[in-house]
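Chemist: Listed here are the chains, written in short residue letters.
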Amino acid sequence: MLPRFLRCYNQGMLVERIKTKLTELSIELPIPTPPVGSYVPWKRSGNTIWVSGMVPMSEGKLRCTGLVDSEVSVEDAQECAKLCAINALAWLNVATDGFEGVSGVLRLNGFIASALGFTDQPKVLNGASDFLVGVFGEAGKHTRNAVGAAALPLNAPVIIDFVFEVE
Amino acid sequence: MLPRFLRCYNQGMLVERIKTKLTELSIELPIPTPPVGSYVPWKRSGNTIWVSGMVPMSEGKLRCTGLVDSEVSVEDAQECAKLCAINALAWLNVATDGFEGVSGVLRLNGFIASALGFTDQPKVLNGASDFLVGVFGEAGKHTRNAVGAAALPLNAPVIIDFVFEVE
Amino acid sequence: MLPRFLRCYNQGMLVERIKTKLTELSIELPIPTPPVGSYVPWKRSGNTIWVSGMVPMSEGKLRCTGLVDSEVSVEDAQECAKLCAINALAWLNVATDGFEGVSGVLRLNGFIASALGFTDQPKVLNGASDFLVGVFGEAGKHTRNAVGAAALPLNAPVIIDFVFEVE
Chain A
1 MLPRFLRCYN
11 QGMLVERIKT
21 KLTELSIELP
31 IPTPPVGSYV
41 PWKRSGNTIW
51 VSGMVPMSEG
61 KLRCTGLVDS
71 EVSVEDAQEC
81 AKLCAINALA
91 WLNVATDGFE
101 GVSGVLRLNG
111 FIASALGFTD
121 QPKVLNGASD
131 FLVGVFGEAG
141 KHTRNAVGAA
151 ALPLNAPVII
161 DFVFEVE
Chain B
1 MLPRFLRCYN
11 QGMLVERIKT
21 KLTELSIELP
31 IPTPPVGSYV
41 PWKRSGNTIW
51 VSGMVPMSEG
61 KLRCTGLVDS
71 EVSVEDAQEC
81 AKLCAINALA
91 WLNVATDGFE
101 GVSGVLRLNG
111 FIASALGFTD
121 QPKVLNGASD
131 FLVGVFGEAG
141 KHTRNAVGAA
151 ALPLNAPVII
161 DFVFEVE
Chain C
1 MLPRFLRCYN
11 QGMLVERIKT
21 KLTELSIELP
31 IPTPPVGSYV
41 PWKRSGNTIW
51 VSGMVPMSEG
61 KLRCTGLVDS
71 EVSVEDAQEC
81 AKLCAINALA
91 WLNVATDGFE
101 GVSGVLRLNG
111 FIASALGFTD
121 QPKVLNGASD
131 FLVGVFGEAG
141 KHTRNAVGAA
151 ALPLNAPVII
161 DFVFEVE
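First to last, the protein sequences are chains A, B and C.
For what it's worth, the working numbering labels the leading residue of the first sequence as 1, then goes sequentially.
For what it's worth, the working numbering labels the leading residue of the second sequence as 1, then goes sequentially.
For what it's worth, the working numbering labels the leading residue of the third sequence as 1, then goes sequentially.
These are computed hints drawn from the structure, not numbers from a lab.
A hint or two may mislead.
[What the hints assert, rightly or not] If you only want the chain A side, here are some residues facing chain B, beta carbon under 8 Å, derived:
#, residue
1, 51
2, 109
3, 154
[Claimed, not checked] Here are the simulated lysine-lysine pairs, PhoX-like style, with alpha carbons at most 20 Å apart:
#, chain 1, residue 1, chain 2, residue 2
4, A, 141, A, 123
5, A, 21, A, 141
6, C, 21, C, 141
7, A, 123, C, 61
8, B, 61, C, 123
9, A, 19, A, 141
10, B, 141, B, 21
11, C, 123, C, 141
12, B, 123, A, 61
Positions of the beta carbon are idealized from the N, C-alpha and C atoms, including for glycine.
Make a model of the complete structure from these sequences and hints.
Modeler: Right under this line is the structure:
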């Protein structure tokens, strides 16, 4: 492991990178609305921050609804996956007060509402994965699983949960 | 982080709360039967206890079977989700010898056997989430994901896996 | 917790056991091909190594494709699950340079592409669970969840993601 001052330096660079990249991509992180109920959007445990399943909500409504391949195109579903990742970053921003201490992305579990016979779930999830690596660089590379779901909350085409790493 | 004596005090309060609430709700935790085979119902890793997927088993049989919406009502499915959480607590009780050291709930992954077009998975999972927060209070608030499954083990309408936090 | 020299001794024994068992079973771990894209096959976080969803790929192609029960038999699906576990071990081997420091298996999340009405997902996942316990012994016992999926990447019958423990 790197000595502490180098880790701090690296972490500061990562915060800068995340903020710069979001600006370059003209992405303004939304101020997210906490879920109503008994669950929370994020929780820290040791050096990890776990984020609840995110749907492609934008300005209070879903970007698309329905099964991918029959009702939603792969391209639209990729945009939806990216939107799930943006919503996760919005919570990570809140959780860490501006990405302080964030050191990387550990895991994505992506569920894709799939029409019968649709098997391109990884392609859809790339919408989130590519976005996160674009923003974080190497530190954004993560493990993941991509699975076809029979149906998803609110008829969303994609739901993704996340685990981020913090120092 | 709180100083150690305050954490111990808080943790003792939480154990008391869990036991009192279970009594108030007239819930006697079952003595669970270990799964036959190569997997285990729980495993500790650092400050987390991971619990395997729990189905709504009660006194040796499933409370309901079938797809939610067509064969099982949302209300019954919520009761099933609660039963999954009770079974998870039964294992947590065994794992920690009476909730010693337990400090909170970190994650629920809930899979709901969903009839075509059913999109109220979060409502079903609330049966487990609300129960856990009722028992644990604030410490029970958790991250989660709710996903529709094509089919589940033993034709259960709900299966939930859990991650708990310990000191 | 055991004193450090005993833990080292135990860990050394486990490495020996894993290698011996793989030889006995005539399993030569493949040299795995890194995924193309923004995700990685494994990532270490503290004392855990997270492995991405593995499909039953062998020598560059899937061992079976299709839904379990209608297109793939339970027996073939069990072999596929075992192959997912072999592929995960291949990555764990790379990640730890020959299983150095590996101390156990923590979690399997198994998704089974399920024909309508198929409810024997746990039986399929046993193909992976039994194999891991055969190789690791007691340290291989893990928590898990088994869920039916509507469809899976590349039309695979099984996809499994893994969390391993390291010292």
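Chemist: Would the pair residue 141(B) and residue 21(B) pass a check requiring their Cα atoms to be no farther apart than 20 Å?
Modeler: OK: residue 141(B) and residue 21(B) at ~16 Å, within 20 Å.
Chemist: Please verify that hint: residue 109(A), Cβ, nearest Cβ of chain B, below 8 Å or not.
Modeler: Where the cut-off is 8 Å and the nearest Cβ of chain B is about 7 Å from residue 109(A), the hint holds.
Chemist: Does residue 123(B) pair with residue 61(A) here, judged by a C-alpha cut-off of 20 Å?
Modeler: Status holds; Cα separation ~18 Å.
Chemist: Below or equal to 20 Å on CA atoms is what counts here, so check residue 21(C) against residue 141(C).
Modeler: holds, 16 Å
Chemist: Hey, residue 123(A) versus residue 61(C), does the alpha-carbon distance stay inside 20 Å?
Modeler: This hinted pair holds, its Cα atoms lying about 18 Å apart.
Chemist: Regarding the pair residue 123(C) and residue 141(C), is the alpha-carbon distance no greater than 20 Å?
Modeler: Measuring from Cα to Cα gives roughly 16 Å; hence the hint holds.
Chemist: Is residue 21(A) close enough to residue 141(A), meaning Cα to Cα at most 20 Å?
Modeler: holds, 16 Å
Chemist: Starting from residue 61(B), check that the Cα of residue 123(C) is at most 20 Å away, please.
Modeler: holds, 18 Å
Chemist: Let me know if the C-beta of residue 154(A) comes in closer than 8 Å to any C-beta of chain B, holds or violated.
Modeler: holds, 6 Å
Chemist: So if I understand the rule, the pair passes when the alpha-carbon distance is 20 Å or less; does residue 19(A) with residue 141(A) pass?
Modeler: holds, 17 Å
Chemist: Once the shortest beta carbon distance from residue 51(A) to chain B is found, is it less than 8 Å?
Modeler: holds, 6 Å
Chemist: Is the straight-line distance between the alpha-carbon of residue 141(A) and that of residue 123(A) 20 Å or less?
Modeler: holds, 16 Å
When each numbered hint is compared with the structure, no violation occurs for any of them.
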